[in-house]
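J.: Sequence:
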Amino acid sequence: MLSASTVSSSSLDTKDAESAKTTGSPESLSPDEAAKDYESHLPFKIPGAVVLSGPSISILRQTANDIYLQINSDTSYSNQFIIVSNLSRQVQELIGGDRNPLEVPYRLTLDTQRQQAVIRIMPSGAHERVTQSFSNELVVKLLDMGIRPRAYTMNAATRYHGKSCDKEADQSLTPSRDTFSNKVWPSLVIETGLSESEAQLRADAYWWFSNSDYKVNIVMLFHIQRSPERRVTIKLYSLRPATPRVTRGLQAEAERTLLSNPTLYQTDSPIVLRHSAAHEIVITSRGIQNAPLELDFESVMRRQPAPNTREKNIIFTAEDLAECCNHVFLEA
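For the sequence shown, our numbering begins at 1 and goes up steadily by one.
For the record, the hints were derived by calculation from the structure and aren't laboratory data. Be careful, since some hints might not be right.
[Claimed, not checked] Once the Cα atoms are required to be at most 30 Å apart in a straight line, the calculated DSSO-like pairs of lysine-lysine come out as: (1) K312 with K215; (2) K215 with K141; (3) K235 with K141; (4) K215 with K235; (5) K215 with K163; (6) K235 with K312; (7) K141 with K312; (8) K235 with K163.
[To be verified] Pairwise CB distance ranges, derived in the manner of DEER restraints: (9) K141 with V51: 37 to 47 Å; (10) S53 with R303: 42 to 52 Å; (11) F329 with E294: 20 to 30 Å; (12) K141 with S285: 17 to 27 Å; (13) I59 with R310: 47 to 57 Å; (14) G287 with V140: 17 to 27 Å; (15) E93 with E229: 38 to 48 Å; (16) S58 with G125: 25 to 35 Å; (17) V140 with D74: 31 to 41 Å; (18) D98 with N290: 36 to 46 Å; (19) R302 with S53: 37 to 47 Å.
All C-beta atoms, glycine included, are put in the ideal place defined by N, C-alpha and C.
Build the full structure now, drawing on both the sequences and the hints.
T.: Now the structure itself:
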């Protein structure tokens with residue numbers, strides 16, 4: 001049961017440190033396709049989620065503040081989600097705008113056609129710092145290769161138009177040469193959530209691949225567990241070129257990993273989703289399992305490494321990952 005009290009923090013001018021932006025453009029789907037996309041990402045069965053129907057903005061704000069307070073005062077409380085139906089146009093415009101009417105940080109998945117939304121409340125402190133620390137380290141590693149920040153864009157809470165709903169990532173990267181397209185999608189997406197939200201984060205990963213028509217190459221999920229033991233689990237989902245014939249085994253792997261369609265296609269060749277133990281890293285106060293983490297250079301930058309340069313796959317050592325996630329273990 002949520003507390004009736006609200007967070008007495010000052011209002012935020014934006015959902016994040018910077019305003020959410022909007023990019024891409026809506027695409028039309030057949031009714032069957034739209035229903036499948038909707039059901040895969042807005043299941044309305046997220047365990048523990050608060051469900052509201054036709055709320056006013058004041059009720060929605062109160063609920064968001066209650067969840068935010070619970071998450072940040074009780075490590076055993078793990079729900080991040082508000083599921084909303086029958087949203088009025090006015091409330092849709094408010095929660096989807098640049099300013100923050102809920103007064104706490106959140107990420108939004110909004111289906112205007114069905115007047116429904118999933119709102120993910122972002123815990124303060126370590127949750128945000130893990131995402132930012134990893135992003136900062138990625139920038140440093142690219143700089144060490146001679147790749148300047150002008151060669152790519154870190155998008156933060158940019159909103160992307162999917163096939164039936166819009167969605168914001170925690171962080172993403174888009175090579176700069178791609179940003180001139182009005183239908184640009186990032187190459188790398190990062191989502192961070194409490195470990196109890198893993199099922200929904202996996203649905204998020206599927207959303208990024210399928211709604212971008214597999215232009216998103218990598219989705220990284222950071223799961224933060226706060227009790228009984230603090231830990232961070234990093235899961236890396238990526239696309240890889242397949243043989244000309246997609247076998248039943250590869251199809252099963254894709255389905256098992258991310259609820260994927262049996263046959264997936266990019267522009268040139270079939271692809272499958274890959275997730276293996278080598279791409280699951282567990283970080284605790286006692287140590288790190290399965291490091292290092294390696295990001296394929298071509299997948300991130302959408303080009304091959306230039307010859308006779310320092311460009312290569314981007315590797316995060318165990319020490320790098322420990323530094324990125326140390327906020328989880330320092331937080332009281």
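J.: Work down the list of hints and note, for each, if the structure agrees.
T.: We went through each hint and held it up to the structure:
1. K312 with K215: Given pair K312, K215 holds - Cα atoms ~21 Å apart, limit 30 Å.
2. K215 with K141: Holds. K215 to K141 sits at ~23 Å (cutoff 30 Å).
3. K235 with K141: holds (20 Å)
4. K215 with K235: Between K215 and K235 the Cα gap is close to 19 Å, so the pair holds against 30 Å.
5. K215 with K163: Measuring from Cα to Cα gives roughly 14 Å; hence the hint holds.
6. K235 with K312: holds (21 Å)
7. K141 with K312: Roughly 10 Å separates the two Cα atoms, so the pair holds.
8. K235 with K163: Holds, at about 25 Å.
9. K141 with V51: 37 to 47 Å: For V51 against K141, whose Cβ atoms are near 42 Å apart, the range 37 to 47 Å holds.
10. S53 with R303: 42 to 52 Å: Holds, since S53 and R303 (Cβ atoms, about 48 Å apart) stay within the stated range.
11. F329 with E294: 20 to 30 Å: holds (24 Å)
12. K141 with S285: 17 to 27 Å: At 25 Å between Cβs, range holds.
13. I59 with R310: 47 to 57 Å: Cβ of I59 to Cβ of R310: about 54 Å, so the range 47 to 57 Å holds.
14. G287 with V140: 17 to 27 Å: holds (23 Å)
15. E93 with E229: 38 to 48 Å: Given about 43 Å between the Cβ atoms, the range holds.
16. S58 with G125: 25 to 35 Å: holds (27 Å)
17. V140 with D74: 31 to 41 Å: With a Cβ separation near 35 Å, V140 and D74 satisfy 31 to 41 Å, so the hint holds.
18. D98 with N290: 36 to 46 Å: holds (39 Å)
19. R302 with S53: 37 to 47 Å: holds (42 Å)
In the structure shown, no violation is registered for any of the earlier numbered hints.
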